[in-house]
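Residue numbers (the working numbering), protein chains in the order written: chain A, 347 to 676; chain B, 3 to 342.
It should be emphasised that the hints constitute simulated quantities derived from the structure, not laboratory data. Nothing here was measured: the structure is a model prediction, and the numbers come from that model. Beta carbons: idealized from backbone N, C-alpha and C, even for Gly. Please note that a few of the clues may not be correct.
[As the list claims (entries may be wrong)] Just a few of them, taken from the derived set where beta-carbon distance is under 7 Å, the chain B residues facing chain A: (1) 61; (2) 75; (3) 265; (4) 273.
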Amino acid sequence: MSHDFLQINDLRVSFPTDDGVVRAVSGLTLSVGRGETLAIVGESGSGKSVTAQAIMGLLNPLATEIDGRILLDGVDLLACDPEHRRSMRGSAMAMIFQDPLSSLHPFYRVGDQLIEAVRIHQDVTKKEARTQAIDGLRRVGIPDPERRVDDYPHQLSGGMRQRVMIAMALINGPQLLIADEPTTALDVTVQAQITDLMMDLQQQTGTTMIVITHDLGVVAEMADHVCVMYGGRVVEYGTTDAVYYRPSMPYTRGLLASVPRLDGAYDEHLDPIPGNPPSLIRPPSGCVFHPRCREREAVPGDLCSTVEPDLVTAGPDHRARCHLLTEGTP
Amino acid sequence: MSDPTATSSQDIVEVDDLRVHFPVRSRGLFPRVIGQVKAVDGVSLRIPSGQTLGLVGESGCGKSTTGRAILRLAPITSGSVRLEGRDVTELTRQQLRPLRREAQMIFQDPFTSLNPRQTVGTIIAAPFRIQGVEPPGGVASAVRELMDRVGLNPEHVNRYPNEFSGGQRQRIGIARAIALRPRLIICDEPVSALDVSIQAQILNLLAGLQDEFGMSYLFIAHDLAVVRHVAQRVAVMYLGRIVESASRDELFSAPLHPYTFALMSAIPVPDPVAQAARERIVLSGDPPSPLDPPPGCAFHTRCFKAQDRCRSDAPALREMGDGHQVACHFPMAEPATDPH
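Could you build the full structure based on these sequences and the hints that come with them?
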């Protein structure tokens, strides 16, 4: 089975706050095959970044409650020894963040930061690590890497910094790369450079990739599979084609209908999803999307507001969480 | 379509050869001016009454500064700005005040553009208070009407901005901007900080308000798909200058400037099959620094069509027919599909 490189079972993440418990992720089950690119799409507060942080082990254990299982190549990340987990971070799995400026240390040369990353995981001399750092910068398309390796982050442009972040993430050859909004902070023309670079590198290395984004165009370009999150839940999962051409959950349909497209009709009517994203402290009863759903009339009774639907099969390799699929009147 | 060189009484905004240069000072005890950032360097544009001009470009291209200079929120170095035929370039602060009734602004970040210590009611009533306008029926009822019009619950008039979501806060900003029924609103990236499903709500709201009140918009954005949706005419900026300007249909069906062409091809469309089939031109490098712009055509360092002439000779904006203007020595041939 190819779908078992990363397996997440019933992941629950919550943050106790003064206002109540924020249930950021509520029972997420997901698997990613080796060498595949999965895109997680969702709006702010949908739980997509928290899921990534839970996989990486970046959530503060004192302020977070995490339940469930996350298996990376058979190793249970939530149950294993913290020391072992730390050693996996950077070598087995790595992450790229949205804002490269705040993820690089401003006081250290990019080379020194790369060298540090190498030497944490490999027993090599400083000189060897520096060679690896320069090779890493060259691989991500930084011109003149022998000189650039001694630059400070502020001397690089936003696109170059993101390239450095990618070089750093890949320097120990991780099997899993998580990119959290990797292009959002960049200019359009630079975004295209970075998505191209990530796809090229993935071709070369076979790294499994999870791309977290709100940009449906980036998803269409990069992903094999898409997972749509809403209110801390997976509401639809499938191949990119299935989700884009046969969206089976009203939220996904709404999302696709609300983006203006560069290739659409000039006076294309935008059909926004009414209302606002749900509260994660007091989520709506039943289906978490039902207060904004315009298709609930098709479901008999008050099923949508009382019973949370399961993630059910919508087609081959395609699942969605909606009563329409089981109870709907066509 | 307006021809940017002709003067028409229909145009709400007429900007001619606008320049905004910011001095760069040396560090130390006695800073000297050591250079200039030419944020806006010779921009001319027209916005017809009731229409939307889209102004697009990447960060640092001067699009926001242009918008701010039109409202005199950025210092104008040279050139002129006329609003409804009146030259406002030289007006004093005092003289500018009545102008604020006619021209307003909506900002990108609904979190920092609202005073967190004022209630929504106070925020939306501010224009009435500052301008000394007493709307028929009183300020309180006008505020409630405005809230209702932009899709906010008027019962929330005494709440504070932090009790609202991003999209709702943007509605508050819009209510404030339309309070005095201005003729012009500068929308500076009004949806780029919002979630996808909320962006469409705000775009539809802005379109509805324009239909109802006949306002003109200068819609500043980096997202070409959004601009394509809202604007009748589009100007593309690169490093302080307009490099192409045309009607929306012209610009998107037959872009003439290689930069416009590359910008469009760089945006992925939300459709896997269509995206895989699209021709893409990925520009190398980053936008150059406005502190040290390249000689000749500012785009030549990244242009796939650049030749010797581009490195020394800055191309002027020239008319190519039908109000389609381009600043390029070697514009794309129509139809624009062959990058070589």
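The hints, checked one at a time:
Interface hint status for residue 61/B: upheld, as the beta-carbon distance to the closest one in chain A is roughly 6 Å, under 7 Å. Among the interface hints, the one on residue 75/B is violated; its C-beta lies about 24 Å from the nearest C-beta in chain A, farther than the 7 Å criterion. A least Cβ separation of about 6 Å between residue 265/B and chain A falls short of the 7 Å threshold, and the interface hint therefore holds. With a cut of 7 Å, the hint placing residue 273/B at the interface with chain A holds, because the nearest CB-to-CB distance is about 6 Å.
Consistency note: the structure conflicts with earlier hint 2 alone.
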